[in-house]
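Dock chain B against chain A, hints included.
Chain by chain, the residues run as shown.
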Amino acid sequence: MSVEAREARQPWILLSPALTAILLLLVVPLIFILVYSFWLRTATGADIAGFHLDNWQEALTDRFYRDILLNTLKISAITTIVCALMGYPAAYFIARARGNKAILLLLLMLPFWISYIIRTMSWINILGVSGALNTFLLWTGVIGEPVQMLYNQTTVILGLVHFLLPFMVLNVFVSLDGIDTNLEDAANSLGATRWESFLQVTLPLSLPGLAAGGLLCFVLAAGTYITPLVLGGPTDAMFANLVFEAIITQLNWPLGSALSLMLLAVLGVLVMIYNRYLGMAQLMKGLG
Amino acid sequence: MTKKMDNTTRYERLLDRYRNGDIDRRSFLGLIGAAGLAYGVQTPFARHALAATDQVRFDGWGGVVSEAFRQYAFDPFTAKTGIAVVDGTFGGGDEYLSRVKASQPGEYNIAHLSGVFDYARYAGLGFASELNEANIPNLEYVIPKLVDVYRPITDGKISCVPYDYGTTGIAYNRKYISDEEMQEKGARILIDEAYKGKISGWSDWRTRIWFGALQTGQDPNDAEDMDAVWDAIRTHRDLSLKYWTSGAELMSLLAEEEIYVTEGWSGRIYALQEQGHDIGYMDPPNGYGWQECLFVIKGSPMEACEELLNFMLAPETSIAVAEGQNYPPALDPNKVDLGEKIPTLPAFDPTGTLSGLTFANPTYWNGHEADWSKTFGRVQKGY
Numbered sequence: 001m002s003v004e005a006r007e008a009r010q011p012w013i014l015l016s017p018a019l020t021a022i023l024l025l026l027v028v029p030l031i032f033i034l035v036y037s038f039w040l041r042t043a044t045g046a047d048i049a050g051f052h053l054d055n056w057q058e059a060l061t062d063r064f065y066r067d068i069l070l071n072t073l074k075i076s077a078i079t080t081i082v083c084a085l086m087g088y089p090a091a092y093f094i095a096r097a098r099g100n101k102a103i104l105l106l107l108l109m110l111p112f113w114i115s116y117i118i119r120t121m122s123w124i125n126i127l128g129v130s131g132a133l134n135t136f137l138l139w140t141g142v143i144g145e146p147v148q149m150l151y152n153q154t155t156v157i158l159g160l161v162h163f164l165l166p167f168m169v170l171n172v173f174v175s176l177d178g179i180d181t182n183l184e185d186a187a188n189s190l191g192a193t194r195w196e197s198f199l200q201v202t203l204p205l206s207l208p209g210l211a212a213g214g215l216l217c218f219v220l221a222a223g224t225y226i227t228p229l230v231l232g233g234p235t236d237a238m239f240a241n242l243v244f245e246a247i248i249t250q251l252n253w254p255l256g257s258a259l260s261l262m263l264l265a266v267l268g269v270l271v272m273i274y275n276r277y278l279g280m281a282q283l284m285k286g287l288g
Numbered sequence: 289m290t291k292k293m294d295n296t297t298r299y300e301r302l303l304d305r306y307r308n309g310d311i312d313r314r315s316f317l318g319l320i321g322a323a324g325l326a327y328g329v330q331t332p333f334a335r336h337a338l339a340a341t342d343q344v345r346f347d348g349w350g351g352v353v354s355e356a357f358r359q360y361a362f363d364p365f366t367a368k369t370g371i372a373v374v375d376g377t378f379g380g381g382d383e384y385l386s387r388v389k390a391s392q393p394g395e396y397n398i399a400h401l402s403g404v405f406d407y408a409r410y411a412g413l414g415f416a417s418e419l420n421e422a423n424i425p426n427l428e429y430v431i432p433k434l435v436d437v438y439r440p441i442t443d444g445k446i447s448c449v450p451y452d453y454g455t456t457g458i459a460y461n462r463k464y465i466s467d468e469e470m471q472e473k474g475a476r477i478l479i480d481e482a483y484k485g486k487i488s489g490w491s492d493w494r495t496r497i498w499f500g501a502l503q504t505g506q507d508p509n510d511a512e513d514m515d516a517v518w519d520a521i522r523t524h525r526d527l528s529l530k531y532w533t534s535g536a537e538l539m540s541l542l543a544e545e546e547i548y549v550t551e552g553w554s555g556r557i558y559a560l561q562e563q564g565h566d567i568g569y570m571d572p573p574n575g576y577g578w579q580e581c582l583f584v585i586k587g588s589p590m591e592a593c594e595e596l597l598n599f600m601l602a603p604e605t606s607i608a609v610a611e612g613q614n615y616p617p618a619l620d621p622n623k624v625d626l627g628e629k630i631p632t633l634p635a636f637d638p639t640g641t642l643s644g645l646t647f648a649n650p651t652y653w654n655g656h657e658a659d660w661s662k663t664f665g666r667v668q669k670g671y
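Residue numbers (our numbering), protein chains in the order written: chain A, 1 to 288; chain B, 289 to 671.
In short, the hints are calculated from the structure, not lab data. All figures in this text were calculated on a predicted structure; none of them were measured in a lab. Just so you know, even glycine gets a beta-carbon here, dropped at the ideal spot from N, CA and C. Careful: at least some of the hints might be erroneous.
[Claimed, not checked] So the derived label-pair ranges between C-beta atoms look like this: (1) A:ILE13 to B:PRO364: 27 to 37 Å; (2) B:GLU472 to A:ILE126: 48 to 58 Å; (3) B:PRO603 to A:SER130: 48 to 58 Å; (4) A:ILE117 to B:GLU395: 56 to 66 Å; (5) A:ILE81 to B:ASP526: 46 to 56 Å; (6) B:ARG387 to A:ILE118: 17 to 27 Å; (7) A:ARG96 to B:ASP519: 56 to 66 Å; (8) A:VAL147 to B:TYR652: 17 to 27 Å; (9) B:PRO603 to A:ASN125: 34 to 44 Å; (10) A:ILE118 to B:PRO603: 52 to 62 Å; (11) B:GLU395 to A:LEU24: 14 to 24 Å; (12) A:SER122 to B:GLU469: 29 to 39 Å.
Extracted from the complex, chain A is given alone in its bound form (with noise of 0.2 Å):
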């Protein structure tokens, strides 16, 4: 074999093991899924095997998943306006320190030892009518009875952003961390106040890191079903949600499986047309 050739062979040795997973854990299952989308489910709870559009048909035409899309995608982006908003200035902190930056960097990525839905469940000591929140302002006086608080999309929007913001903080932190602080001293050198040498250089610099912490903070957002079920009200349901009833309670697995396509097919549209304008790079560099 000639060295052209082994070479040429080498990445593809190197990355059959990364795409045998990809293949059996990821595009087997997602073909599955493709194929139980077209059959039917029956009054008992079997399976009728076929090609029929029947799922597609409801998912797609029925103004009831339209609306709970739309509302999850609202949500979603509540979520990540909150997530960017808290987690610049923490992120810009973190670059910035001069102390141990490894330190406030564990510290970021503590709450990730707790399991996400204890940390869910948590609120509800914190926000209950018996919680900390309504024992305290009893205590000083602040409200004469508890206030209610929880159950409602503002909880299951604090429950989100509190999952999401170290995904949001790691990828403006990677960005900001990035870029050279002579930039910004040549701003000031040059007559800009401080203000507008973060407005006109760092902020600009920062913004792929910031998209993608956006990109990561909405598609999980949007996928989730723990925190509207454990946060919110009787109407309070997201997409994920009614994936997990057709499957779970309605043990209807063709039209789960049309349905968290279709969720997939909205989120990738997303993922696309980021890739189109920012690229995956800045994404993967967030992530490692």
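For chain B alone, coordinates are given in the frame of chain A:
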């Protein structure tokens, strides 16, 4: 005397042949290597194959129920037989059915299922096993009515043993709702505007429809005006703080006073009362009665499962579990002395006929399952 031919003997003989010069060094090492390779390849699979016979998987409702099963049934059973019981939990029969459907035969063995309708659904989807009743002599202590109801579904055979029964009644905080008010309003208290934001309910479509039927004065096993039932469910939804999805959440909502009234499982409410919470419990007329069984899923190691079922039905085990989980056992009080605590549990029937409880008609409920579970999914979300 003939020496037993095991692997050690085989290797000793091989070594002798090598030392005697019967085989060369290359062949000796090759045979040893092949034996090592064979052992290495088969061991992981052999462990799984052996495990199938010395352990049984049991799935139940979690919380105080699972704790009672673990403490009073599984641990003593393992100590006695050496068969380990791996216990998992689920939030409801629908969720568990989905997991079983996605599993390989033998992956799930025994489930603590609720209601005859669950039994019928599992059997209808081909998950019913066939128990050898001769291996479960303690079945004779069980209330006959509880066993007989399963037989027509599975051609006279049974795939489960009844284990306990209870009710889904109305639980209320006595600090805010008096017993008299509760008696007066019954199931309609769950759609009373006065308690808006302090009402809850289980997110289970059957329970919602059952109570919707009661609130509209209809027979839960034969509601004729479903529009009225759906309207009642919508009213309940709009007045509710949230739907609970597990027994633990039910107990937490009541104990923390997030809600004042909800329907609840009799045993869980009894557990709250035992903890000192002033929670009342009432079964309205035509309240939701149910029986639970230990269902053996097709493909399970039958003898080990039957041994476990028989152990669990032994009066001393069954009574201890019942006292732990606060649901009356399926044992016939006419045949077994149930002790002092069980007669005090909610839903307990001292006659052993269970004539005072209304159970869900499996044909009626399973016949509407596809339509109603889907409709409830929409109503639940504001439609």
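To see whether the hints hold, each was checked on the structure:
Between A:ILE13 and B:PRO364, the C-beta spacing of about 56 Å breaks the proposed range 27 to 37 Å. One distance hint, 48 to 58 Å for the beta-carbon pair B:GLU472 and A:ILE126, is violated here, with the actual separation near 37 Å. One distance hint, 48 to 58 Å for the beta-carbon pair B:PRO603 and A:SER130, is violated here, with the actual separation near 41 Å. Separated by about 24 Å at the C-beta atoms, A:ILE117 and B:GLU395 break the suggested range of 56 to 66 Å.
Hint check: A:ILE81 to B:ASP526, Cβ distance near 30 Å, so the stated range 46 to 56 Å is violated. A hinted range of 17 to 27 Å for the beta carbons of B:ARG387 and A:ILE118 is consistent with their spacing of about 22 Å. Distance hint check: the CB atoms of A:ARG96 and B:ASP519 are about 60 Å apart, consistent with the given range 56 to 66 Å. In this structure the hint that A:VAL147 and B:TYR652 lie 17 to 27 Å apart at CB is violated, the actual value being about 44 Å.
A C-beta distance of roughly 41 Å is found between B:PRO603 and A:ASN125, which places it inside the suggested range of 34 to 44 Å. One distance hint, 52 to 62 Å for the beta-carbon pair A:ILE118 and B:PRO603, is violated here, with the actual separation near 40 Å. At about 20 Å, the beta-carbon gap between B:GLU395 and A:LEU24 stays in the expected band of 14 to 24 Å. Between A:SER122 and B:GLU469, the C-beta spacing of about 35 Å keeps the proposed range 29 to 39 Å intact.
Checked against the numbered hints given earlier, the structure breaks hints 1, 2, 3, 4, 5, 8 and 10 and satisfies all the rest.
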